[in-house]
Each structure stands twice: as structure tokens, then as C-alpha cells.
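Participant: Let's have the full structure, built from the sequences with the hints guiding it.
The chain contents come next:
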Amino acid sequence: METVHSATPLLAMLASLIGAFLILFTGERNRNLREFWTLAAAVIKFGLIASMLPYILHGKIVEYTMVEIYKGLFLQFRVDTFGMIFALLASFLWIVVSLYSIGYMRDLNEHAQTRYFFCFALAIFGAVGVALAGNLLTLYMFYEILTVATFALVAHKETPEAIKAGRKYLAYLLTGAAFVLFSMAVTYYLTGTLDFKPGGFVAGHGSREILSLVFVTFMIGFGSKAAIMPIHEWLPSAMIAPTPVSALLHAVAVVKAGVFCCLRVILYVFGPKVLSDLGLWIPLAFVVSFTVIVANIIALTQDHLKRRLAFSTINNLSIIILGAALVSHDGIRGAMLHIPFHGFMKITLFMCAGAIYVKTHKEFISEMEGIGKQMPITMAAFTIGALGLTGIPPVCGFISKWYLCLGALEAKEIIFLLVFLASALLDAAYFLPIIYGAFFKKPKFVKDHFDEASFFVVFPIVITAIGSIFFGLFPDAFMHFFKLAVASAKNIMGMGV
Amino acid sequence: MWELILSKYNYWIYALLLIIGFYAMMAKNNLLKKLIGMNIFQWALIFYFISIAAKKGGTVPIIPGVHGHHGAEHLVVHAADYINPLPHVLMLTAIVVGVATTGIALALLINIYRRYGTLEEDEVIEELKR
Amino acid sequence: MIQEQFPALIVVTPLIMSFILFTVSWWNKRLCFPILLATLSACLVFAIGILDMVIKHGQPIHYHLGGWDPPWGIEYVIDHLNALVLVAVAVVAWLVALYAKSVVEKELHESKLPQFYTLFLLQVTGLFGITATGDMFNLYVLLEIASFSAYAIIAMGERGADFAAFRYVIFGTIGACAYLLGVGYLYILTGSLNMADLAQLIPKLFYNKALLVGFAFFLVGVGIKMGIFPLHTWLPDAYTLAPSAVSALLAPLFTKVGAYVIIRIMFTVFDPSFSIKLYPVMDILGWIAAIGIAFACIMALAQSDLKRMLCYLIVAEMGYIVIGIASANRLGLTGAILHIVNDMFMMACLFTVVGAIMYQTGTRNIYQFRYLHRTMPVTLGVFVVGALSVVGVPPMCGFFSKWYLILGTIEAKKWLLLFVLLASSLVNAILFFRVIENAYLEPRGEHAFAHDGGHPSISLDEVPWSMLISMLMIAAGIILLGIFSGVIIKHVIQFAVPASF
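Protein chains in written order, with this note's numbering: chain H, 1 to 497; chain C, 498 to 627; chain R, 628 to 1128.
Honestly, the hints are just simulated from the structure, not real lab data.
Glycine included, each C-beta is placed from N, C-alpha and C at the ideal position.
Treat each hint with caution, since some may be false.
Under 8 Å between C-beta atoms, here's a sample of chain R residues computed to sit facing chain C [said to hold, decoys possible]:
#1 F646
#2 A779
#3 L807
Straight line, CA to CA, 25 Å or less: simulated DSS-like cross-link-like pairs of lysine-lysine [stated by the list, open to error]:
#4 H:K442 x H:K362
#5 C:K505 x R:K836
#6 C:K552 x R:K836
#7 H:K71 x R:K1040
Facilitator: Below, the structure is given as C-alpha cells:
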């Protein structure tokens, strides 16, 4: 695989870092200028990342070394097919959610907006850094930056409840980070390197017991951010944050970063061969299957819309990890596709929830009956997202779920196929009532006539909803997610399973 | 066994002084007594060093009749005839250090007395709590 | 030519200038601060020059004071370890001096200022001397010079500072005397006071009980000065009640120079095998470090005074360095030495911030920090950098020293120490996020002002520029040290670790 040395990754990272500080320094004086910096940084960042896409699609890797720390430790960006998926997703959706945030914050007349946009920019800085990282050390660094930056976003409302949620968030994530640090140190000690390699690099460097232990601690560490049960509790509590925060960070960036890191460990540090040899993939698959089913069951019982969506996210994240744990071509493909596809669909759902709150201040599903009459565009988008998550074509969710099921078959474990199907059934069970109630029930607490939220709020929702359908029909278009996922799976599995 | 104690009597004396000084520093309530204990502690140390410099039958370590480098080069000197001057020199410095420490401590004590009206440790702590 | 005189100049210059400063102050008070800064700038130049020489030659520099040959004369030996510590001390001292001007003018009475600056220079003399010397007794003298200046300069602080200083006098003298006893034992057994000479003479005496007692006295003596648990009890009171500039000077530097002395004694004077193979010193140190860190973290959690909390943090950080020593391998010792330098900057950052907050608001109580993010955003930003460094978030320097410490414990298979390292990072996170929460977030009632429209909330009321610049430079130093830690390790630290590791 050819390596291209280019400063583009660094420039992309700098775009959001400089943008963050520009926001900080101009924010209070000129709100419009501040929003401009946000959007400008987002567009530049996406542009730079997209510019690397041609290289990646031709099988090359874009690399940029920032600093060599010592023997085998680097702070280095290495963009490969998998990292590209996440980077494109995060940077594109930042543009969308920035537009949405502007509308949301202004409509609600929220406080501390500068701090909000500053931390948002820093959080994206961290998330894309995680995507572009070429080794565990760089990944850890941006992972920590992401955690710290999002703390202020979670506790944004500054109510006692919000502060408690923020503290819980930190407690879970920093403890997870301590586990990761331990695992990272042992990995470096055993192998002398931390660079990601498709198919893993720890093979043969340690005894079965040590490698198994390190794998478990890695999973606990990154699993806290990926909201695997039972270390998931911070996510529902974090729904107290403003909806744009929930939308991007907790449905797309923070938890996706956690899942991304889990997949990096499973596929690029340990690799399918080691996992099969050690027999670790079965226990992992069972643990996440548990989360898949239980999360969906709990989602059924939630009346608070965002909490229901939060449990749906937990369900989908574990589906992604399950796909990767099945160590099969299609499973990996499905998992990698589900990352962006779920991102688009989930963010649509969260933004809809936010739009509803902006206009009607309603948070509970039972109050939202008949809201389809008031906000048809919003609810149409919600329907699209919900159908996609359930796995109904032509929304993109169908494609990723299709490959995941194929992966379960390829791994010759029917039980996981049943898990996927059961989860889809449960998805239907808790999404369809919302849609039905919105369109077909008599409006009790909401207005009877058309009254959508402002343009800045609705437009992003429409973009992502249309995007979800678009990717469902042409999964390889525009950002070439499909090709990237296929290429990644080939590279990983090609390393001798 | 008595041989052991008697032949090394200088070490026993210094150890005793050390313990007395240490006890005074820790157990006494009056700050001035602590200071005196500190002094005893330091002096024990000085005695110890000086005692190791002594030699049986040794005399003052000065070579008579010569100045500096000229003249002393051709004299053969038996080290056993002269007591060791180095510890004495070191202890001059240590005495100075001790004096300086005592000076600082006394200045602090004057200040403490002026401010809190007492030199008893527990009373000062009481005073500070208010 | 003059470069060769640097090892002596770096100690002599502040010594002489302190007296000159004091006499000049009788004539013109306003010259005091410029003289201070100029002297420290010169020392910085000397320190960098020395480091440059050491790196170029690759061998330690030997400087014979007065032209007398060792082991009869006093010798200054600068190898990679010293040189690094010298530069770190010089940089931090310079930055704190810049910071000190405004703080001290507010906190101390005008007539005391010349005395403050004089003591500042004497303190710095002592610190440079301890680092540069290669003679055991000379180290004692300079240790005492540094200690006296510390006693006196601490006593200039708030209510209760003189009492705290007195207790420090008592405790510190025990420490210094214990060190002197150790020197005495070594002298009786070997007849030499020169470190390099002793390193050759001691191995023949390894099984001598008197040598072991001497070593024990060294550990206790330097341990008191370093602030290792359980010999740290003087530290919280003394550093909390001292003037802000004094804490900012002493907290980073004094204890870390003590750590340097321990490394010198354990690994240069006494052959490393003495502590590792012959006697279970490393095990004992490991236990002491673990208990000390646990104790310090618990005590820190209980404090509402930010400065006191940071004092307990110093004890915990010393525990980290001892963990690095106790790992007794190349990785651990690399981490310990790197941590000495990193911690100097981290503590300087945190203590200058506390001083700044005290300067502006008159309080150090964490729970009264409510509106600080509106009035002092830059100061808080510096605090966040320091806090993240202590917690261990890359790219701040604290992460990199922790990384090597962790690797060291893994290689030494000391799992308790590893656990303590990781767990204490989490406790540090709690400690600092408590403060950050209080400073940045203003807890509101359930449905109160959440929608107040984001009116301009920053009404800048920051500290003077000299303080801000100093703090920003320290924060920048923390980030740069982190990014370039590889360079430091490759060019300096890997030569500073004894070759037998």
C-alpha cells in the first residue's frame, strides 16, 4: 500500500482548532461573525478531508507525522479507508448540525452560546483527530480532548441535574480512559509499537492470558464511550444537554468515536485471526448481543423522546460492534457501513426531537400526538429515519443491516442472525407508535395548523433525511462509503484469516 | 561488651545528646525549648565530627617554619602524628550554619511572641484557630 | 573561555547580586526588581550554556573550585542530569520572578520588598548550588542556604506564617542534620567527601553496617526536604501560608531539587546495585510511595482551600517520582527524571494561578469561584492547561512522564504501583474538575435563567500583564515540554540514567 505524505490531515485538524479560538475571541462581540467562523471552519474541514478521498479510493494512505516522541511512539496522522469513513461523517455532519445549532440556540435564546460553539468546535477537533489517528497514542490524545471538550456541552444547562449528568459523564469516560491507558502501556511494552495495522499487530507478542486480559481492558475502556452495557448509564443521563449536542455528539461523534475505537482495537490492533485463535470473539459477541436486545427493550418503556432515542443509539452501537466481532467479510462491511448510515438516520431523529422542543416545548411522546399536522416536514423526516433504523428499504439502514445479517450467516452463528432480526422487530415496536400517534391521532396539546420551526432548524433535518434515502439507493455515491467499507474489510481479512 | 561501650564512648555521648535534643524538639510545648533542643541536636552532631578527628598522641596540624608551597614539598609528613583538620573545618561551617538557623528561629520567635503573646505551642495553635 | 566558568558563575552570581541588591535598595528601591530579573536572566544564559556544553561533549563537566584538585578541593560536576535540572530551575525561577513583581507589591508591605528580592536570590543560589555541586559537604552548605532563605521568605506570609515557618525550621533542621550525619558516616568509612571519589570507594564497603546506617540517614534527611510521606508534614502549612510568589517559587523547585539529590545519592554516589540487589530499598520506597500518594489524594479531596489542595498534590507528585525510582529500571527512571522537569512547570503553573486568583478576588476557597470565568478567563485557561497536565491528558507534559512511569512499573511487575498511578490520575481528575466546575459553570435553579439570551458575559478584570505573560509562558512551556518530550529524552535523559540499567 502506497503512502502519501501530505500535510492535509494537519490542515484539516487546524481548521477546527483555529476556528474554535476564533469563535472564542469574537463570540461575544459579534454573534454573526461567530456563526460565520463556525460554518467556515466546518466547510473548510470537510473540503480538506474530502480532498484526500481520491487517494484513499485508489488504495493509498495519507500520512503526516507531527512529532516523534521516542522509540516507536509517534504523534501521527495516518488516513486509511476506515478512518476516512468516520472523518467524512463527522465533518459533514458538523456542517449540518452547525446550521441546526444556530437556529436552535437563537430560537430558544440560550445562554453561553460562545462557550457552546467553542466547545463544539473543539469536540469536532477531537473526533476527527480520533478518525485520522494513525496509532493508539494519537488516538488516545484526541479521545481525551474529545471527552474534556464535551463535558462543558453536557453540563451546558447548568441546572443541578445537568451538572450531575456532566459529572457522571466524566466519571465513566475518564475511568474508561484509565483502562485504555493501561491496555495501551501493556501493548506498547509487549510489541514496541502502537501503530494500527489492518489485521492487527499483537499476534505472537504475548501469552494467551496477557493478550486476553489486554483485550478485555481495552473493551472496557473504549466500551464506556461506546455505551456497552453495563457501562452505558452516562448516555441516557447526558440527554439533558441541548438537542444539537445530543444530536451530533451523542448520536454521531462521541459514541461513534467510542465504537470507532472499539473497531480499531478489534480489527487493527488484535485482528480477526488473533481473536479467532484466542476464542475471544464469541464472548464479545454475546456481551454486545445482550446490550442489543436489552437496550431495545428498555427503549420500549421510555416516554421521554430523547431517552428513547438514546437507548436506540445504545442498541445500534452494539450492533456495530457485534458486526465487527463476527470476524467475517460481510460482518465487517456491515459494521463499517452502519457507522455512517446510522449516523445520518439518528441525527435526523434527534434534530426532529429538537425541532419539536423548540416549537412546542414538548419532550414526552405521549404529548406529541397529532403533531404531524403541525410539523409535517419534521415528522416526515422522522418517519424516514425511523424506518431506516428498523431496516426498511429504501432508506440506507436496510443496506447495513442486510450485510450484518449476511455476516452472521458467514460466521455460521445463527443466533446472532436472530439477534439482528429481534432487534429490528423491537425497533419497529417503539418507532411505529410514535409515527402513528403523530400523524393519525387527534392533536391534544399541539396546534392544528402548519407551524414548523425556523428555516435553520428544518433545513438540516431535510438534508439528512434526504441523505438517508439517497445513500439507501446509491450507497456508494458522493462519499463512497460503500467502497471504503469494502476496501477496509478486504484489507483486514486479507491479512491471513 | 564493656569494651565495646568504653572504647567508643564518644559515639555514646553524641547519641545521647542527639536523643535529648530530638526529644526536646518533639515533646516540649514551649517553642523556645524546642529551639534549644534543636541546638542540642546540632551540637551533638558537631561533637561527633570533631571526636572522629582526634588521634591518640596527635598534635596540632600545623607544619612549623614553612609558608605555603615553598618548603613544605620536601618534608615527609606522617599523617598519624597530626590530628585530622578536615572535620574541624567542616564543623566551623556547620557551626556557622547552626548560628544562622538559631538566628532565624529566634527572629521568628520574637515575631510570634509579639503577635500571639505566648510561646507555648498549643496556645499559639488556639490563637490561630480564631 | 568564559563558558568554562559557567558552573561556578551560576552559583556565585546570584549570591553576590543578592548582597548588591540589598545595598542598592538603601539608595533606590525601584532598582530591586530589574536587578533581580537581570541576575536571573544571566543565570538562565549560564544554565543553557552548561547544558549545551554537556550535550556537545557527551561527558560530564568537571569544574575545580579555586583550582584545587579533587578529592581535596571542592568540585562541581555537571552531567546530563544536573544540566537538565539546572535549566529547568533557571527557567521556572525566571518566570516566577517576572510573576512575582505585582503579587508581592500587593501582598507585602513596601519596606519588606528589598528583603523579599534578596531572599529570592539567595534561595535561587542555594538551588543552583545543590544541583551543580559534586561534593557532599558543599551540598549540605548549599542545602542549608536554600533552607534558610525558605524559612525566612515563608515567614513573610499571612497570619500564621511565622509559626508555620518556625515548625519548618525545626523539621528542616532535623532533615539537614540527618543528611550531615550521613555525610559523617561516609567520611568516617572512606575519608572522602567527593561524590565521584565516593562512588569508587563505596562498593568495597557494601556489607558494612555503618554504610547502611549512613544511607538510611541520607534517605530520611533528604526525604524531609523532599516532602515524601510521612516526612511531609511541614509542607501544607508552610506553603499555604507563604506569600503567593514564594509558594510559586518554592513549591515547584525546592522539593524537586530534593528529588534530584535522592537520585544522585542512590544512583551515583551509592552504586545502584546497593539499593536494588543488596538491600530491599526499592520495595520499601515503593510501599512508601503508594501509601503516600493514597494519603495525599485523600487529604487533597478534603480541602476547600485551593492552595492547600495543591500542597497535598505536591506530596502526591513526589510519590510519582519515588515510584519511578522504585521501579529501578531504565523506563521508570526516565519517567522519574522527566517528571522532575514536568512537575516543576506544572506546579509553577498551578501555584501562579492560585496567586493570581488570590490577587484579584482575595479568596482561595473553591466554592467561592463562581463567576471567575467571566472576570478571569485567561487565568482559568492557564489553570485548565495545568490541571489537564496533572490528570495526564496528552499533549500536555504530565501525560508523557506518566506514560514512562507506567511502562516502568509494568516492566518491574509492580502491579500495586501501577494501580496507584492509574487510580490517582482519576482522583486528580475529580480534584480538578471540582474546581473547573465551580469556576466555569454557574449552577442555576431548575428553570431559572436558562434562556437569558446569551448577553455578553465576559467583563474582563484580569491580573496585571506581567503576571499574565508569565502564566501564559508557563502554560506554553507545559504544552511544548509535552510535544518535545521525545527530544528531551533522546538527547539528555537517556544519558542521565545510569548505564547499568
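Participant: Against the earlier hints, flag every one the structure doesn't satisfy and list their numbers going up.
Facilitator: 1
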